[in-house]
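2 protein chains.
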Amino acid sequence: MTTSTTDSTAAERQSTAALIEGIATAARRAALTLATLPTDRKNAFLESLAIAIEARGEMLIAENRNDLEAGAAAGLSNALLDRLAITPERISGMAQGLREVAALPDPVGEIIEKNERPNGLRIEKVRVPIGVIGIIYESRPNVTVDCAALCFKSGNASILRGGKESFHSNRALAALITDTLQKHDLDTAAVQLVPTTDRSALNTLLSLDEHIDCIIPRGGEGLIRFVAENSRIPVIKHYKGVCCVYVDDEADAALAEKIVVNAKVQRPSVCNAAENWFVHADRAHDLLPAIGRALTDQGVELRADKRAEAFLRKANVPVKPATEEDYHEEYLDLILAVKVVDSIDDAVDAVNRYGSKHSDAIVTCNEANARKFMAEVDSATVYWNASTRFTDGYEFGLGAEIGISTDKIHARGPMGLRELTTYKFQIYGSGQIK
Amino acid sequence: MTTSTTDSTAAERQSTAALIEGIATAARRAALTLATLPTDRKNAFLESLAIAIEARGEMLIAENRNDLEAGAAAGLSNALLDRLAITPERISGMAQGLREVAALPDPVGEIIEKNERPNGLRIEKVRVPIGVIGIIYESRPNVTVDCAALCFKSGNASILRGGKESFHSNRALAALITDTLQKHDLDTAAVQLVPTTDRSALNTLLSLDEHIDCIIPRGGEGLIRFVAENSRIPVIKHYKGVCCVYVDDEADAALAEKIVVNAKVQRPSVCNAAENWFVHADRAHDLLPAIGRALTDQGVELRADKRAEAFLRKANVPVKPATEEDYHEEYLDLILAVKVVDSIDDAVDAVNRYGSKHSDAIVTCNEANARKFMAEVDSATVYWNASTRFTDGYEFGLGAEIGISTDKIHARGPMGLRELTTYKFQIYGSGQIK
Numbered sequence: 020m021t022t023s024t025t026d027s028t029a030a031e032r033q034s035t036a037a038l039i040e041g042i043a044t045a046a047r048r049a050a051l052t053l054a055t056l057p058t059d060r061k062n063a064f065l066e067s068l069a070i071a072i073e074a075r076g077e078m079l080i081a082e083n084r085n086d087l088e089a090g091a092a093a094g095l096s097n098a099l100l101d102r103l104a105i106t107p108e109r110i111s112g113m114a115q116g117l118r119e120v121a122a123l124p125d126p127v128g129e130i131i132e133k134n135e136r137p138n139g140l141r142i143e144k145v146r147v148p149i150g151v152i153g154i155i156y157e158s159r160p161n162v163t164v165d166c167a168a169l170c171f172k173s174g175n176a177s178i179l180r181g182g183k184e185s186f187h188s189n190r191a192l193a194a195l196i197t198d199t200l201q202k203h204d205l206d207t208a209a210v211q212l213v214p215t216t217d218r219s220a221l222n223t224l225l226s227l228d229e230h231i232d233c234i235i236p237r238g239g240e241g242l243i244r245f246v247a248e249n250s251r252i253p254v255i256k257h258y259k260g261v262c263c264v265y266v267d268d269e270a271d272a273a274l275a276e277k278i279v280v281n282a283k284v285q286r287p288s289v290c291n292a293a294e295n296w297f298v299h300a301d302r303a304h305d306l307l308p309a310i311g312r313a314l315t316d317q318g319v320e321l322r323a324d325k326r327a328e329a330f331l332r333k334a335n336v337p338v339k340p341a342t343e344e345d346y347h348e349e350y351l352d353l354i355l356a357v358k359v360v361d362s363i364d365d366a367v368d369a370v371n372r373y374g375s376k377h378s379d380a381i382v383t384c385n386e387a388n389a390r391k392f393m394a395e396v397d398s399a400t401v402y403w404n405a406s407t408r409f410t411d412g413y414e415f416g417l418g419a420e421i422g423i424s425t426d427k428i429h430a431r432g433p434m435g436l437r438e439l440t441t442y443k444f445q446i447y448g449s450g451q452i453k
Numbered sequence: 020m021t022t023s024t025t026d027s028t029a030a031e032r033q034s035t036a037a038l039i040e041g042i043a044t045a046a047r048r049a050a051l052t053l054a055t056l057p058t059d060r061k062n063a064f065l066e067s068l069a070i071a072i073e074a075r076g077e078m079l080i081a082e083n084r085n086d087l088e089a090g091a092a093a094g095l096s097n098a099l100l101d102r103l104a105i106t107p108e109r110i111s112g113m114a115q116g117l118r119e120v121a122a123l124p125d126p127v128g129e130i131i132e133k134n135e136r137p138n139g140l141r142i143e144k145v146r147v148p149i150g151v152i153g154i155i156y157e158s159r160p161n162v163t164v165d166c167a168a169l170c171f172k173s174g175n176a177s178i179l180r181g182g183k184e185s186f187h188s189n190r191a192l193a194a195l196i197t198d199t200l201q202k203h204d205l206d207t208a209a210v211q212l213v214p215t216t217d218r219s220a221l222n223t224l225l226s227l228d229e230h231i232d233c234i235i236p237r238g239g240e241g242l243i244r245f246v247a248e249n250s251r252i253p254v255i256k257h258y259k260g261v262c263c264v265y266v267d268d269e270a271d272a273a274l275a276e277k278i279v280v281n282a283k284v285q286r287p288s289v290c291n292a293a294e295n296w297f298v299h300a301d302r303a304h305d306l307l308p309a310i311g312r313a314l315t316d317q318g319v320e321l322r323a324d325k326r327a328e329a330f331l332r333k334a335n336v337p338v339k340p341a342t343e344e345d346y347h348e349e350y351l352d353l354i355l356a357v358k359v360v361d362s363i364d365d366a367v368d369a370v371n372r373y374g375s376k377h378s379d380a381i382v383t384c385n386e387a388n389a390r391k392f393m394a395e396v397d398s399a400t401v402y403w404n405a406s407t408r409f410t411d412g413y414e415f416g417l418g419a420e421i422g423i424s425t426d427k428i429h430a431r432g433p434m435g436l437r438e439l440t441t442y443k444f445q446i447y448g449s450g451q452i453k
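So the sequences go chain by chain: A and B.
If you use the working numbering, the first sequence closes out at 453, no skipped numbers anywhere.
If you use the working numbering, the second sequence closes out at 453, no skipped numbers anywhere.
Hints listed in this document are in silico derivations from the structure and should not be mistaken for laboratory results.
Beta carbons: idealized from backbone N, C-alpha and C, even for Gly.
There are no misleading hints in this set.
Here are a few chain B residues that face chain A, going by a calculated C-beta distance under 7 Å:
(1) I142
(2) L274
(3) W403
(4) N404
(5) G416
(6) G432
Can you build the whole structure from these sequences, using the hints too?
Set out below in structure tokens:
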């Protein structure tokens, strides 16, 4: 029995590997034609897909019900079930998202730089698609449509690997995508969903560096670490958002309160919400009690170092002692770690030590301090007198967002259509030899 | 005995790992100060290093002699010993290279894009160093100085891991770099050489993704594959240069001959030399014999498919039959694989199948065919009517070259100073909250 089970598992794994290799090979082939597909044909496909999703809303909701029932039976939390649900509003949202992507300018073909060399060679650096992009994501089914649309518009073939919780929903959406590709005489391998929840499929996918050019994981830190540690393909990612707000000794009190409270409270469950609050020692006496009170009034639990704790206690603001780990923690909740720092240099050090290089802000009226902070904090996005909550492709004017990167290679910060492209050098000669 | 040997090896490995972690941690610290070092201080360091290398030439040649003697004893080929040698001319070359890098514009701080959002936020996308860059290279000691200079000028800390063949030479050069950093009151961790040839040092280095942002391997395909397969850090690389020249049915005969011969013969040992020659079937009768003869007259061995072989034999041009593997081979020698193709589409397919996505050329007078080839060939650099031999940072006007990438993430083609940078978003607010 043991032997036969092992054989069967190995055979299953082998058949999954063959399946995934077939998908990746087909995606590479599709990518070559997508790379030169005219903009109007790409936009027509996106518009048709929007119409198909609207028209087949009832089917989508029915398929989604299978996932919701399985999820409830498996004991998923209400929050997770909510993320998983497809509703009429979310169907409209997906369709609208597709139309917005269609309306965005096509990044492909843009001449980024050009120059003519002394020998007469004309060199053009031209924006082109990356090729084949793998998206690994968790429960929200609308990610299937969002990512397919952004990859497609930027001329990339995509391989979508959703979570098992949304398997039926993703499969139904993928069927609509395939139908629409066919209707438009396009290679159906331009957008492919991995049709199995077998974990070995993911391992195979991450090994196919000949066929897949880039992996973008979206989800919790555990998923992203698994992908980063097991991928032979370049991964663009952020593990977590431990964002810091530093309130300088020359901060305006009202501005500081507004920004710290907004960065923490407005939507604590997202990656650009603040998790650390650093205060200059010279303003600990007035700003800690005032802003601390404003935060606890909105339900925030403060976890403070010894010096901050003393000021807060003296003012009767509820506070708990912080451990060193608290400053590394992504709470995604109404909890804030607080620390007193002695100088702008110490503030920069604290942000670089504890933050996750995502989004950090300084509140100050002192321009020199602001410029120092913005230059020396080694993060994708640094703010002077604004909330960290603006780190987002739409807020930055990209018109869309496929993810946020805290990597330094290729793309950093919010990623839109352009960040799904690379370039090639096209060189025009008249017989130049070396 | 076995136990004690194992213990000792494990202990050695542990001590190497601690050494490398110390180097990487120090590099991260140095990177934070390098990121804001003014241009004139960077240039002053580079000029001092040039002077130091010129002044200590005799010492460098003496240290290099140790490597040459060990290399000769180990049976290195004359070609390898030549690559390894430091001569008075190469010392001048290193010094001149440093002065050229000093003269290049500093990419750091450039505002790549800016825009003001409707809410008044001013968003600036600013060019910044990547951080810590690991360079893994083989025998040529001048790479130590070249890479140190390019990383330094672009504000990056570098960790240099040279080959064991050039250990003494690299150590002597690194000592001059350290001295010069000290004289300029700079963190000596800004440029560090890995001071051991222990292979486990490389494995440790490739695992430190918290401290090292990017790895650039330079050397043979074996080294590069080892690095790519064992690295947790993003790697920018090209494995090999299998460059293709396609001669279209509408090619000018004289132009085609000039380009094919130059791409193959002018310096066959480099990555941008041609390894494959594809000829349109309609011109096989005249171009294969004429250009084939010109090539064999210059000592080139032709390996041809059956159709090409027939035309060549008929004209008494020496030729051998090609295997399928020949078209994937990077000969780096006076050997050329030849194939007849039936159309521009087949030519594009052949280049995408056999080439290594490095540099490929079409020779034609037909603009539509040229544009199709340049759009559909999925390579870093595509040429119309010019030799592939121009793929090079200097030829492209970058002023320098740290390497050539066939990856699609971050940088593609020749990489200069700019390709050693990333960007950050600096955002100026006046109290904006979400």
